[in-house]
Amino acid sequence: DGGITQSPKYLFRKEGQNVTLSCEQNLNHDAMYWYRQDPGQGLRLIYYSQIVNDFQKGDIAEGYSVSREKKESFPLTVTSAQKNPTAFYLCASSAQGTSYEQYFGPGTRLTVT
Amino acid sequence: KQEVTQIPAALSVPEGENLVLNCSFTDSAIYNLQWFRQDPGKGLTSLLLIQSSQREQTSGRLNASLDKSSGRSTLYIAASQPGDSATYLCAVRSAIMIKAAGNKLTFGGGTRVLVKP
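Same order as they appear, the protein sequences are chains A and B.
First residue of the first sequence: 1, per the numbering used here; consecutive thereafter.
First residue of the second sequence: 1001, per the numbering used here; consecutive thereafter.
Hints are computed from structural coordinates only; laboratory data are not their basis.
Among the hints, erroneous ones may be present.
Label-pair ranges, simulated between beta-carbon atoms [to be verified]:
1) A:Ser99 to B:Ser1070: 39 to 47 Å
2) B:Thr1045 to A:Ser67: 24 to 32 Å
3) A:Ala95 to B:Leu1011: 16 to 24 Å
4) A:Ile60 to B:Glu1056: 28 to 36 Å
Which residues of chain B face chain A? A partial, calculated answer using Cβ under 8 Å [unchecked claim]:
5) Gln1034
6) Arg1037
7) Leu1047
8) Lys1104
C-beta: ideal position from N, C-alpha, C; glycine also.
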């Protein structure tokens, strides 16, 4: 059953702590993405990776870090430097090709207090 | 810089009525446009992808049109049902970004739809 999994579904952290969100895909897609969604707003791109061991900053990369050591995995670390980390985080992947259509995971809701 | 706008932000209709959702974008140099559905607290489900060379795309009760020159796309949902209640997002993929830096989507803020039984 192919798809994208994100864990955990809900995550609670104290201010000042780093936290890592998991994203795994078994679609054999080369490209993976991390988005942030705030209430009532569209998605904003944090980081993306088109190939293993390579990634680029998106529109709002400050306070976040990523790694891409395996094709299937693209974890996102929310660091203590991120000023407003409470949000809904969505991971996506796409094949390189004609349409570049992106497929999304179920999301992780992070709450930092 | 590409900007995508969806108006209205929220819409309520009685069951059976046709839904018309609007999406406008500022830069007409797009590669394609995607419409997504999002249920509360869930991820995004792709509904339709329309290439820049296409005028419309259909899937069941859904029809998306694209007018690139005027920077507009419309999603039509025929004979709405309570199960259609969700937030609908449109996103555009820049033609320039495809060549320069891969697959970047710019999203609108979404239209939250409520279909009343």
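Is the hint on B:Lys1104 kept, meaning its closest Cβ partner in chain A is under 8 Å away? Check passed: Cβ of B:Lys1104 comes within 6 Å of chain A, closer than 8 Å.
Using the nearest Cβ pair, does B:Arg1037 come within less than 8 Å of chain A? Given a least distance of 11 Å, the restraint on B:Arg1037 is violated.
Against the range 28 to 36 Å, how does the distance between the Cβ atoms of A:Ile60 and B:Glu1056 compare: consistent or not? Roughly 33 Å apart at Cβ, these two residues keep to the hinted range, so it holds.
Lying within 39 to 47 Å: is that true of the beta-carbon distance A:Ser99 to B:Ser1070? violated (23 Å)
Against chain A, run the beta carbon of B:Gln1034 and see if the smallest gap drops under 8 Å. Given a least distance of 7 Å, the restraint on B:Gln1034 holds.
Interface hint outcome for B:Leu1047 [beta carbon to chain A under 8 Å]: violated (11 Å)
Can you tell me whether the CB distance of A:Ala95 to B:Leu1011 sits inside 16 to 24 Å? At roughly 33 Å between Cβ atoms, B:Leu1011 and A:Ala95 fall outside 16 to 24 Å, so the hint is violated.
Outcome for the supplied range 24 to 32 Å, where the beta carbon pair is B:Thr1045 and A:Ser67: Roughly 28 Å apart at Cβ, these two residues keep to the hinted range, so it holds.
Consistency note: the structure conflicts with the earlier hints numbered 1, 3, 6 and 7.
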